[in-house]
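Given next are the chains, with one letter for each unit.
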Amino acid sequence: MTRTITLAIESQAECIELLSGALGGLCRLLALPAAPIEIAMVEAVNNVVEHAYHGEPGHPVWVEFEWAPNRLSLRVRDRGQPMAPGRLEAAPALADPDPAALSPRSRGLTLIKSCMDTVEYEARDGVNTLSMSRALATGESV
Amino acid sequence: MTRTITLAIESQAECIELLSGALGGLCRLLALPAAPIEIAMVEAVNNVVEHAYHGEPGHPVWVEFEWAPNRLSLRVRDRGQPMAPGRLEAAPALADPDPAALSPRSRGLTLIKSCMDTVEYEARDGVNTLSMSRALATGESV
Amino acid sequence: MILTHRIIEGIDIAALSGRLVMADAPQVRQKLLEIIEQGNGKLILNLAEVGFMDSSGLSVLVSAFKAARAKSGDLALLYLSPAVRSLIELTRLQQVFAIFDDEAAALARLR
Amino acid sequence: MILTHRIIEGIDIAALSGRLVMADAPQVRQKLLEIIEQGNGKLILNLAEVGFMDSSGLSVLVSAFKAARAKSGDLALLYLSPAVRSLIELTRLQQVFAIFDDEAAALARLR
Ligand SMILES: Nc1ncnc2c1ncn2[C@@H]1O[C@H](COP(=O)(O)OP(=O)(O)O)[C@@H](O)[C@H]1O
Ligand SMILES: Nc1ncnc2c1ncn2[C@@H]1O[C@H](COP(=O)(O)OP(=O)(O)O)[C@@H](O)[C@H]1O
Numbered sequence: 001m002t003r004t005i006t007l008a009i010e011s012q013a014e015c016i017e018l019l020s021g022a023l024g025g026l027c028r029l030l031a032l033p034a035a036p037i038e039i040a041m042v043e044a045v046n047n048v049v050e051h052a053y054h055g056e057p058g059h060p061v062w063v064e065f066e067w068a069p070n071r072l073s074l075r076v077r078d079r080g081q082p083m084a085p086g087r088l089e090a091a092p093a094l095a096d097p098d099p100a101a102l103s104p105r106s107r108g109l110t111l112i113k114s115c116m117d118t119v120e121y122e123a124r125d126g127v128n129t130l131s132m133s134r135a136l137a138t139g140e141s142v
Numbered sequence: 001m002t003r004t005i006t007l008a009i010e011s012q013a014e015c016i017e018l019l020s021g022a023l024g025g026l027c028r029l030l031a032l033p034a035a036p037i038e039i040a041m042v043e044a045v046n047n048v049v050e051h052a053y054h055g056e057p058g059h060p061v062w063v064e065f066e067w068a069p070n071r072l073s074l075r076v077r078d079r080g081q082p083m084a085p086g087r088l089e090a091a092p093a094l095a096d097p098d099p100a101a102l103s104p105r106s107r108g109l110t111l112i113k114s115c116m117d118t119v120e121y122e123a124r125d126g127v128n129t130l131s132m133s134r135a136l137a138t139g140e141s142v
Numbered sequence: 001m002i003l004t005h006r007i008i009e010g011i012d013i014a015a016l017s018g019r020l021v022m023a024d025a026p027q028v029r030q031k032l033l034e035i036i037e038q039g040n041g042k043l044i045l046n047l048a049e050v051g052f053m054d055s056s057g058l059s060v061l062v063s064a065f066k067a068a069r070a071k072s073g074d075l076a077l078l079y080l081s082p083a084v085r086s087l088i089e090l091t092r093l094q095q096v097f098a099i100f101d102d103e104a105a106a107l108a109r110l111r
Numbered sequence: 001m002i003l004t005h006r007i008i009e010g011i012d013i014a015a016l017s018g019r020l021v022m023a024d025a026p027q028v029r030q031k032l033l034e035i036i037e038q039g040n041g042k043l044i045l046n047l048a049e050v051g052f053m054d055s056s057g058l059s060v061l062v063s064a065f066k067a068a069r070a071k072s073g074d075l076a077l078l079y080l081s082p083a084v085r086s087l088i089e090l091t092r093l094q095q096v097f098a099i100f101d102d103e104a105a106a107l108a109r110l111r
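Which chain is which? The protein sequence lines are A, B, C and D, in order.
First residue of the first sequence: 1, per our numbering; consecutive thereafter.
First residue of the second sequence: 1, per our numbering; consecutive thereafter.
First residue of the third sequence: 1, per our numbering; consecutive thereafter.
First residue of the fourth sequence: 1, per our numbering; consecutive thereafter.
Just so you know, these hints were derived from the structure itself, not from any lab.
Hints may contain errors.
Stated by the list, open to error - Covered, in the sense of this in silico footprint (three residues per stretch, anywhere, with C-beta under 8 angstroms from a C-beta of chain D), are these stretches of chain A: (1) 40 to 51; (2) 122 to 131.
What the hints assert, rightly or not - Not the full set, but computed from the structure, chain C residues with beta-carbon under 7 angstroms of chain B: (3) Met22; (4) Ala23; (5) Asp54; (6) Ser55; (7) Val62; (8) Ser86; (9) Arg92; (10) Leu93; (11) Val96.
Positions of the beta carbon are idealized from the N, C-alpha and C atoms, including for glycine.
Construct all of the structure, not just a fragment, from the sequences and the given hints.
Here it is, written out as structure tokens:
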């Protein structure tokens with residue numbers, strides 16, 4: 001059986017913590033690996049607040065959490081400016097850092113891709129959706 | 001500063017647990033007294049599923065969680081059949097049970113009223129809202 | 001919700017584990033009533049592993065209590081988890097239910 | 001996010017506690033850059049009490065690292081919490097940052 005809960009906040013950095021709290025409780029309840037799931041969600045929501053809404057508060061951010069015994073799916077939705085086509089695909093895989101050319105930025109999409117098994121993006125009818133999923137070993141626990 | 005997160009499920013008994021999981025994580029994050037808050041929310045949502053929607057799945061249930069340093073407010077919303085006027089007020093206070101006339105039912109509203117400081121109900125424009133709040137001792141913890 | 005059941009000297013001992021809430025209450029109620037029906041109406045219910053209980057869960061306990069009494073038996077609650085204890089105390093049902101922290105004492109009561 | 005700061009033998013020791021995330025990153029970055037600016041560019045950052053960190057938090061560490069190096073100093077990370085350790089290892093930044101589980105060793109490195 002699949003079960004779904006949707007979490008919604010306004011686009012404010014201070015509210016992202018509430019999403020983390022709720023997600024942490026869900027991971028605990030369902031014995032999911034909380035660390036990579038929280039990273040993926042927080043990075044996706046950070047991007048919505050920062051890029052889709054340009055740091056403007058008061059806009060909606062939704063996180064749909066869908067649990068099936070063998071798969072967790074997260075869908076992060078916004079009504080802001082869509083991500084440029086190809087941007088997600090262009091995000092590099094994790095690689096050894098170059099100490100001489102360390103950038104303080106641009107790890108969000110890369111982290112999301114490394115924490116989840118599938119990552120897709122769709123902009124449609126004014127709603128943008130980043131869909132991520134991760135296979136769960138049956139009985140996988142924290 | 002006030003911060004708000006909204007949790008939404010469909011009207012299915014099996015999904016209420018997800019609300020509990022998310023609420024538990026929020027209580028942990030904010031060091032709130034989880035037990036009475038969870039009881040109040042679960043009883044309110046049970047009532048929506050059972051009475052407002054008559055056990056029919058597929059209808060929306062929202063829980064708005066609003067945290068201020070000195071007060072937690074929960075608003076449980078539905079689009080189902082409203083509660084009869086005066087029903088909330090008529091719910092008895094907690095009292096010693098009579099072993100000879102024990103009813104297996106009708107403790108929901110009474111529990112909500114005993115776990116929260118204020119409880120109000122409003123049916124307006126097709127949306128019903130049970131609003132509850134509880135004062136928080138600053139620094140009150142589990 | 002997991003229910004395990006054994007019988008000692010004609011007394012039923014059932015243990016619940018998980019969340020005893022609206023989604024699970026009908027099934028658990030039915031199982032407990034079956035146990036009471038098929039046995040002597042003497043039931044010990046171990047609640048140590050019940051992490052959360054709502055008023056539907058309470059109503060299951062009340063149903064089992066009434067069914068046991070109707071058969072001239074009784075219900076004894078054993079090892080309340082903190083969540084269960086606080087709900088039972090909130091509703092003052094400790095005035096009605098016999099509650100034990102020791103299986104031997106619960107057995108002695110029902111023998 | 002709480003930041004505490006002390007100085008031992010000209011080496012700055014700052015400890016963070018809480019969640020190092022986007023909401024807090026600008027403030028923490030500024031504080032750390034001030035400490036580096038006003039000191040010798042030798043900074044030990046204690047992360048034992050950082051319960052969660054995202055890429056904004058990582059970028060604060062990178063900024064502090066670069067500022068310290070620019071002053072011919074260095075950054076040493078001390079006591080990574082599990083969440084911080086797993087993020088740093090995921091991004092392989094343990095190849096860049098000096099990481100210690102012992103304050104004396106971190107001090108020796110920066111002295
Ligand atoms: N949700 C989004 N909406 C719009 N643009 C986005 C979104 N997510 C990412 N982007 C774009 O992709 C770029 C790379 O994102 P990311 O890897 O997270 O690094 P950073 O956020 O540090 O720039 C961003 O700079 C932004 O231009
Ligand atoms: N959210 C609701 N919507 C419609 N009716 C409600 C709602 N909550 C409670 N009621 C009505 O109030 C009555 C008492 O509720 P409650 O005290 O929770 O006990 P119970 O649910 O066991 O009947 C219910 O039987 C129902 O008729």
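Against chain B, run the beta carbon of C/Ser55 and see if the smallest gap drops under 7 angstroms. holds (4 angstroms)
Agreement of hint C/Met22 with chain B interface, Cβ distance less than 7 angstroms: holds (5 angstroms)
Holds or violated: is there a CB of chain B closer than 7 angstroms to the CB of C/Ala23? holds (4 angstroms)
Do the numbers back the hint for C/Arg92, that is, is its least Cβ distance to chain B under 7 angstroms? holds (5 angstroms)
Chain B contact restraint for C/Val62 - C-beta distance below 7 angstroms: Since chain B brings a Cβ to about 4 angstroms from C/Val62, closer than 7 angstroms, the hint holds.
Verify the interface restraint on C/Leu93: the C-beta must sit less than 7 angstroms from at least one C-beta of chain B. holds (6 angstroms)
Can you confirm whether chain D covers the segment 122 to 131 of chain A, using C-beta to C-beta distances below 8 angstroms and requiring at least three such residues? violated (count 0)
Okay, the segment 40 to 51 of chain A and chain D, do three or more residues pass the C-beta test at under 8 angstroms? holds (count 5)
Interface hint compliance - C/Ser86 to chain B, C-beta minimum distance less than 7 angstroms: Where the cut-off is 7 angstroms and the nearest Cβ of chain B is about 6 angstroms from C/Ser86, the hint holds.
Please verify that hint: C/Val96, Cβ, nearest Cβ of chain B, below 7 angstroms or not. holds (5 angstroms)
Do the numbers back the hint for C/Asp54, that is, is its least Cβ distance to chain B under 7 angstroms? holds (5 angstroms)
Checked against the numbered hints listed earlier, the structure breaks hint 2 alone; every other hint is satisfied.
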